[in-house]
Amino acid sequence: MPVSGPPRSFAELDDAIPRYDSFFTVREHRERNRALADKHDHVTYQDLGDSSGGNPLWAVTVGDGSRTALLFGAPHPNEPIGSMTIDFLLHELADNDELRASLDYEFVCLPVADPDGVQKNEGWFDGPFTLANYATNFYRPPPHRQVEATFPVEHEQYVFDDPIPATQGLADLIETHHPDLIYSFHNTGFGGCYYLFTEPLEPLWEPLRDLPDEYGIPLDLGEPEVYDSKAFEEPFYCLQTFEDQYKDAVGDEHTDPEEVLLGGNAYDHAHQFNEDVVEIIVELPYFYEPRISDETELDLSREAVIREGTERRRQLLREWQAAAMAVEKFLPDTPMAQEATGTAFFFEDQYDDKVEWAAASPETDKPATAAQAVDARYVRDYQLLPYVGMLLRAIDHAVMGAEDEARNRLLDAKEALENVFHKWIGELRGELDYETLPIWKLVAIQARAGLFCLDYRQRELDGDSG
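Residues in the sequence shown are numbered from 1277 upward in steps of one, following our numbering.
Simulated from the structure, these hints should not be mistaken for laboratory data.
Hints should not be assumed to be uniformly reliable.
[Claimed, not checked] Derived PhoX-like pairs (lysine-lysine); straight-line CA-CA distance at most 25 Å:
| # | residue 1 | residue 2 |
| --- | --- | --- |
| 1 | Lys1642 | Lys1506 |
| 2 | Lys1523 | Lys1506 |
| 3 | Lys1605 | Lys1690 |
Given the structure is predicted, the values throughout are model-derived calculations rather than measurements.
All chains should be built: construct the whole structure from the sequences, respecting the hints.
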């Protein structure tokens, strides 16, 4: 039933959010969650087994409402904001009886979905929070080892049933609790705020659009992360499901679905048990540039801006690929080395597709905005540099055990790639007026946005008409 009237603002929570100066490590999250469960009878800590790398997996539950909200942080391990947000919400819901009672939910939380990967990012968690330090301490596993890409799925003739342990733990929670709302926490490295939903919750568009501005953080009005994403309206995008991916793969005559598809995401799995489930994602950056929300029209078309930005980055791709090919046979067969080398060629294919799409799409004939230009030129440049940093880390690991000839080849490639890295980072520093965003503000936006959605869904399902 439609809901009228404004949503609750939850603005009073700002005073309760700690003013963090660093991100918690995996160990700190686990210890804080155990201590919280020991302190409160209405909080439970559940062991979920071990990750692929032998780290403990765990869930924390608070609240005893009639509906279930499933929250999980760091499915991409270079994105720790969500784990901080979950930590804050768990403590606030445990301590704030009035807030907990007002929300008719059981909150089932997996604070760190990929502890193996998060540990490999902890080198930048204490700062300094700079473009270079983030990029040189960045880690993300290959897709076949990612949490939200490996849920079991059966669709027409396609079957995937090889979940990693973290995904299996999350799938077990879904099968036990049948969530009504899923909040998967993600963030970007650079840009502004935008949202992903599995269905349009239009009454929330206005408050969600206004929310980041309360903290001086812009909306991301540049190019969408996936160039052909469906927008309900900017900056609210449709979250892609496995069915969407399958249709795209089958519809491309040059693509073998078996080669490009993996598993489903949390929504795909949860939808089997609750057809009314909704998933939300609030994307926020560590770094932002004010121009990312500038809608001033330029003399260039959007297609021209996309093409020029893509062609500019092909030089970086060529230099990255050259280094990857020079060292590939000397690198250990680790997820870090696999992703650091393979991603260079993935981006090349993606750029070809994006330029072809931009040339054929009528919507790119319109004038580009300043936001789209800064996105195409600078944000997308920076998107590549953490992967270059990851290849440098993989080379460092290989050097430690290499013999003379291999060691010399690795060190030569490292020197050349470091020069490339610093040249591109230097150009970005010179061109951008960027800021590092305070962690507490990012937590505040994610926490309040999630609570907006939970409160709205509660009133909608209860038939509250205002």
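Find the hints from earlier in the document that the structure breaks and name them by number, from lowest to highest. none
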